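S.K.: Given these sequences and hints, build the entire structure.
Number of protein chains: 2
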Amino acid sequence: MNIKEINGGVCAPKGFKASGAHCGIRHNRTKNDIAMIFSEVSGVAAAVYTKNLVKGAPLTVTKNNLQKSNGIAQAVICNSGNANTCNANGIEIAEKMCELAANELKIKPENIIVGSTGVIGQPLDIEPIKKGIPELVKNLSDNGSDSACEGIMTTDTKKKEIAVEFEIDGKICRIGAIAKGSGMIHPNMATMLVFIVSDVSISAELLQTALSENVKDTFNMISVDGDTSTNDMVSIIANGMAGNEKISELGKNFDTFKEALKFVTLYLCKKIAGDGEGATKLLECVINGADNINTAKIVAKGVICSSLFKAAMFGADANWGRVLCAIGYSGAEVDVNKIDVAFESEAGKIDVCHNGTGLDFSEEKAKEILLKPEIKILISLNLGDKSATAYGCDLTYEYVKINGDYRS
Amino acid sequence: MNIKEINGGVCAPKGFKASGAHCGIRHNRTKNDIAMIFSEVSGVAAAVYTKNLVKGAPLTVTKNNLQKSNGIAQAVICNSGNANTCNANGIEIAEKMCELAANELKIKPENIIVGSTGVIGQPLDIEPIKKGIPELVKNLSDNGSDSACEGIMTTDTKKKEIAVEFEIDGKICRIGAIAKGSGMIHPNMATMLVFIVSDVSISAELLQTALSENVKDTFNMISVDGDTSTNDMVSIIANGMAGNEKISELGKNFDTFKEALKFVTLYLCKKIAGDGEGATKLLECVINGADNINTAKIVAKGVICSSLFKAAMFGADANWGRVLCAIGYSGAEVDVNKIDVAFESEAGKIDVCHNGTGLDFSEEKAKEILLKPEIKILISLNLGDKSATAYGCDLTYEYVKINGDYRS
Numbered sequence: 000m001n002i003k004e005i006n007g008g009v010c011a012p013k014g015f016k017a018s019g020a021h022c023g024i025r026h027n028r029t030k031n032d033i034a035m036i037f038s039e040v041s042g043v044a045a046a047v048y049t050k051n052l053v054k055g056a057p058l059t060v061t062k063n064n065l066q067k068s069n070g071i072a073q074a075v076i077c078n079s080g081n082a083n084t085c086n087a088n089g090i091e092i093a094e095k096m097c098e099l100a101a102n103e104l105k106i107k108p109e110n111i112i113v114g115s116t117g118v119i120g121q122p123l124d125i126e127p128i129k130k131g132i133p134e135l136v137k138n139l140s141d142n143g144s145d146s147a148c149e150g151i152m153t154t155d156t157k158k159k160e161i162a163v164e165f166e167i168d169g170k171i172c173r174i175g176a177i178a179k180g181s182g183m184i185h186p187n188m189a190t191m192l193v194f195i196v197s198d199v200s201i202s203a204e205l206l207q208t209a210l211s212e213n214v215k216d217t218f219n220m221i222s223v224d225g226d227t228s229t230n231d232m233v234s235i236i237a238n239g240m241a242g243n244e245k246i247s248e249l250g251k252n253f254d255t256f257k258e259a260l261k262f263v264t265l266y267l268c269k270k271i272a273g274d275g276e277g278a279t280k281l282l283e284c285v286i287n288g289a290d291n292i293n294t295a296k297i298v299a300k301g302v303i304c305s306s307l308f309k310a311a312m313f314g315a316d317a318n319w320g321r322v323l324c325a326i327g328y329s330g331a332e333v334d335v336n337k338i339d340v341a342f343e344s345e346a347g348k349i350d351v352c353h354n355g356t357g358l359d360f361s362e363e364k365a366k367e368i369l370l371k372p373e374i375k376i377l378i379s380l381n382l383g384d385k386s387a388t389a390y391g392c393d394l395t396y397e398y399v400k401i402n403g404d405y406r407s
Numbered sequence: 000m001n002i003k004e005i006n007g008g009v010c011a012p013k014g015f016k017a018s019g020a021h022c023g024i025r026h027n028r029t030k031n032d033i034a035m036i037f038s039e040v041s042g043v044a045a046a047v048y049t050k051n052l053v054k055g056a057p058l059t060v061t062k063n064n065l066q067k068s069n070g071i072a073q074a075v076i077c078n079s080g081n082a083n084t085c086n087a088n089g090i091e092i093a094e095k096m097c098e099l100a101a102n103e104l105k106i107k108p109e110n111i112i113v114g115s116t117g118v119i120g121q122p123l124d125i126e127p128i129k130k131g132i133p134e135l136v137k138n139l140s141d142n143g144s145d146s147a148c149e150g151i152m153t154t155d156t157k158k159k160e161i162a163v164e165f166e167i168d169g170k171i172c173r174i175g176a177i178a179k180g181s182g183m184i185h186p187n188m189a190t191m192l193v194f195i196v197s198d199v200s201i202s203a204e205l206l207q208t209a210l211s212e213n214v215k216d217t218f219n220m221i222s223v224d225g226d227t228s229t230n231d232m233v234s235i236i237a238n239g240m241a242g243n244e245k246i247s248e249l250g251k252n253f254d255t256f257k258e259a260l261k262f263v264t265l266y267l268c269k270k271i272a273g274d275g276e277g278a279t280k281l282l283e284c285v286i287n288g289a290d291n292i293n294t295a296k297i298v299a300k301g302v303i304c305s306s307l308f309k310a311a312m313f314g315a316d317a318n319w320g321r322v323l324c325a326i327g328y329s330g331a332e333v334d335v336n337k338i339d340v341a342f343e344s345e346a347g348k349i350d351v352c353h354n355g356t357g358l359d360f361s362e363e364k365a366k367e368i369l370l371k372p373e374i375k376i377l378i379s380l381n382l383g384d385k386s387a388t389a390y391g392c393d394l395t396y397e398y399v400k401i402n403g404d405y406r407s
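Respectively, the protein sequence lines represent chains A and B.
Quick note on numbering: numbering that gives the first Met the number 0 labels position 127 of the first sequence as 126, and the sequence is numbered without any gaps.
Quick note on numbering: numbering that gives the first Met the number 0 labels position 19 of the second sequence as 18, and the sequence is numbered without any gaps.
Read the hints as simulated data drawn from the structure, not as lab findings.
Hints are not guaranteed to be accurate.
Each pair may be met inside one copy or between any two copies, as identical chains are not told apart.
The calculated DMTMM-like cross-link candidates involving lysine to aspartate or glutamate, where the alpha carbons are at most 25 Å apart (straight line), are [as the list claims (entries may be wrong)]:
| hint | residue 1 | residue 2 |
| --- | --- | --- |
| 1 | Lys107 | Glu126 |
| 2 | Lys137 | Glu164 |
| 3 | Lys170 | Glu248 |
| 4 | Lys137 | Glu397 |
| 5 | Lys337 | Glu94 |
Remember, predicted model here, so these are calculated numbers, not experimental data.
M.R.: Put into structure tokens, the structure is as follows:
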């Protein structure tokens, strides 16, 4: 199957426009703080939300909207700079955002997906948003993905957007997405905020199935800091404008769509992990030889979440003992005497541990490998044939700096 | 009941001597790297070990020894600079340490508790230890606790030792202890290394009961970095020299002993948490109003382990949203709309969140409170009358620095 990366982000699929603006939630006028995505025609929508018991008000409102509209959506509105969470009037404000956007777009409020990201527990003022929405609607354009992407960033240092095209039934279909996420990243259902759009024609039920299955191996396998956010949400709108025969049953076409979706989400996962707050390195922890997938996932997550291991990676220190230590306390049932560990990057690969015991390896070569910006930690459990991969980043001074004074 | 803090550390209880030495495991000659504790007469011993699947060889050997000796011990030998873990010859080396110490002390190897702490996965050379043991034995003295305490330190910046006296049956009894632990601290049974001695007369069974119950509320409630070490061990030897009537059943005397033991272990917990790698602050997370103790513990641990919250405390930022966020993903069943949060230190107390929603508080006052070295985070769940406290520290640049290059 042929999946081709293309330009345009969320504006690549047919019928989608986007825009971003600075409305004044953030004082920094050089960065957008609000974003909109709009589809010419309404589409089926699916979403997954954080499992944190504390849920941002926008998530509740989005869930209510999609319930009321029977899963039909046409637009996304999202602000940064304030999470609209743990506020007494949170629901009211999130509903007001939908209402204002709906009026301006001449659609129904329940067809809107709403998101917020930023500080928790500070009331969100509706005034700047009221002023910003007309500007967003006016600026909606075919090349607005970049501007929208900026509008949802917080401590992110890099924009995270992608678009792909693929074929179903001889018709070219597209998926585009923007994402944000840098700190408080340890998704347990979805990640901070990911807005995916597609022009594929698909039933609402299969769209939700595809998304729910997808996040288990993608966003739920990232960790920047072990903190599961209150505002995690991944949503997708598919407006059917690609003109393919509607995907309404399992089979080849559904698989093709799922594969394209995975291409998009995995790309964003690596972008989010690699742009973790303060990160200098993307870490991919690849587990092979597990006796079941759950064990593989627990081990992968255990290693990628270890503060000690993450700090060692920052220092390019091949301290594999910390890998073994993290596997040991992860809660997975493994035989520690069968574990092999290797480090790999563009500079090569080096085996450091065999059967749970250290190998005599070149520290110099290991350093060379670990100084690269993308590191794979290859772990073989030698108990079976199941695999899993988790994505994370190193722990750095910058992480502490960013989070020691986030609200100021 | 009267528990009085006294001087002398592990040499305070009758019949105990200690010593430390630099034998050459560490290149830094200014710091001891090996320690010994010895009792004139043998005593009953109890120990708890890490729950990490990867267990240091010294733990296995200690466990074997105490099994072979029916829980009778007379000495402790412990080195720093190398954890003797994940090494092919680990067991052999740990047994050799016991054998060498036993020969020099003229006791049996199975009466020795052996520990190691330091880097994982580098073979431990027996030669320096062989040379060091005669020196340790020669130097055993009544004021050697300090020197022994230094011998077990790794990245610790402060010595952790304490002794108390209390009365049972009109006899003065004593407990003394030394501990080490700074990084890789998230005990799930015991903490890094704690050696406790007492001259109380008690049955082996009740000694183990007291210790096992104790760690649940003390060492198992600390977290510096979420990493459960492979070498965690808490041991206690009670040699009976206080002359009290032997404690061999539950009741008042056993309760007195447990209370004194808790005084000692809680003191060490706070010392370990406050001296967490890179820490500038001791954090105590106090949960009240839980409907059961397990929920209280899960919430306390969830908050104390949150990297984002820890970084906020480093920055003296009253970011209570991160407290709510951590509670929300902790896995505990709570009603987020009933949660109250306050911060407290010697500078006062400030309420920041009521019923899950932010209060309008003085940022200036909050800053003043959070700039102190010991901070209490007071969380009321308002669902019942159960409580728990967890101990931790802030996340700082220094933590990253220390762990980015630990092996070098």
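S.K.: Determine for every hint whether it applies to the structure shown.
M.R.: Quick rundown of the hints versus the structure:
no.: 1; hint: Lys107 <-> Glu126; verdict: within (21 Å within a copy, 79 Å between copies)
no.: 2; hint: Lys137 <-> Glu164; verdict: neither (28 Å within a copy, 78 Å between copies)
no.: 3; hint: Lys170 <-> Glu248; verdict: within (18 Å within a copy, 81 Å between copies)
no.: 4; hint: Lys137 <-> Glu397; verdict: neither (38 Å within a copy, 49 Å between copies)
no.: 5; hint: Lys337 <-> Glu94; verdict: between (55 Å within a copy, 24 Å between copies)
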